[in-house]
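Our numbering puts the first residue of the sequence shown at 456, with every later residue one more than the last.
It should be emphasised that the hints constitute simulated quantities derived from the structure, not laboratory data. Some clues are possibly wrong.
[Claimed, not checked] Lysine-lysine pairs mimicking PhoX-like chemistry, simulated, CA-CA at most 25 Å apart:
(1) LYS475 / LYS532
(2) LYS581 / LYS461
(3) LYS613 / LYS546
[Stated by the list, open to error] Here are the in silico distance ranges between beta carbons for each label pair:
(4) ASN555 / ALA515: 22 to 28 Å
(5) GLU573 / ARG492: 40 to 46 Å
(6) LYS475 / ALA515: 17 to 23 Å
(7) GLU574 / LYS629: 32 to 38 Å
(8) VAL597 / ALA542: 46 to 52 Å
Ideal placement from N, C-alpha and C gives every residue a C-beta, glycine not left out.
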Amino acid sequence: MSDENKLAENKLIILYLLKKIDMPLSNNDIYQFVMERNIMDFISVQQYLSDLTDSVFIQAFEENGSTKYALTPSGEKAVALFEDNIAPWLKTAANEYISNNRRRIHNENDITAAYSLEENGEYIVKCGVSSPSGGLMINISVSVPEKEQAKLISNNWKANTSPIISSIFSALTKNYSGN
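With the hints as extra help, turn the sequences into a complete structure.
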């Protein structure tokens, strides 16, 4: 296979992966897929992601401190037109990766926690959980004075979402006498 064809196939497999999983993928998810299968090296992955973003086949955005990538309509068209140029073993590898990692990636996309510095010098921490249907289940914003507190809240939310939500719902649905 010529270098030019290999380059095109490598870009196509990234597009194919994003199309088949049908949700944004982090830099780490894409890197994990290609490195576990020795498809390409780290520098090539970064270059291809940059090229695909510049060509508007994928969109890059920041979420929860990591870069995520989503397929654009132009990227969908490219996959539809050139999917047959991807080697069958690469498609199989992508499909297996998706099958083995979809739940984990979906959960990572559903639980969000991020903080930012506000003009007043305090940090706002935004924590959320989306429902499986894509709707918002819970969204909480908390203002704290220090970055360390913001980090702690964000990390605790990501690591302990279920018990935290359970405690919140329990407190909100408790019948307080005298009120």
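Verification of the hints:
1. LYS475 / LYS532: Holds. LYS475 to LYS532 sits at ~13 Å (cutoff 25 Å).
2. LYS581 / LYS461: Violated, because 42 Å separates the two Cα atoms, which is more than 25 Å.
3. LYS613 / LYS546: At roughly 32 Å apart (the allowed maximum being 25 Å), LYS546 and LYS613 break the hint.
4. ASN555 / ALA515: 22 to 28 Å: holds, 25 Å
5. GLU573 / ARG492: 40 to 46 Å: holds, 44 Å
6. LYS475 / ALA515: 17 to 23 Å: This hint holds: roughly 19 Å between Cβ atoms.
7. GLU574 / LYS629: 32 to 38 Å: Holds, since GLU574 and LYS629 (Cβ atoms, about 36 Å apart) stay within the stated range.
8. VAL597 / ALA542: 46 to 52 Å: holds, 49 Å
Going through the hint list in order, the structure does not satisfy hints 2, 3.
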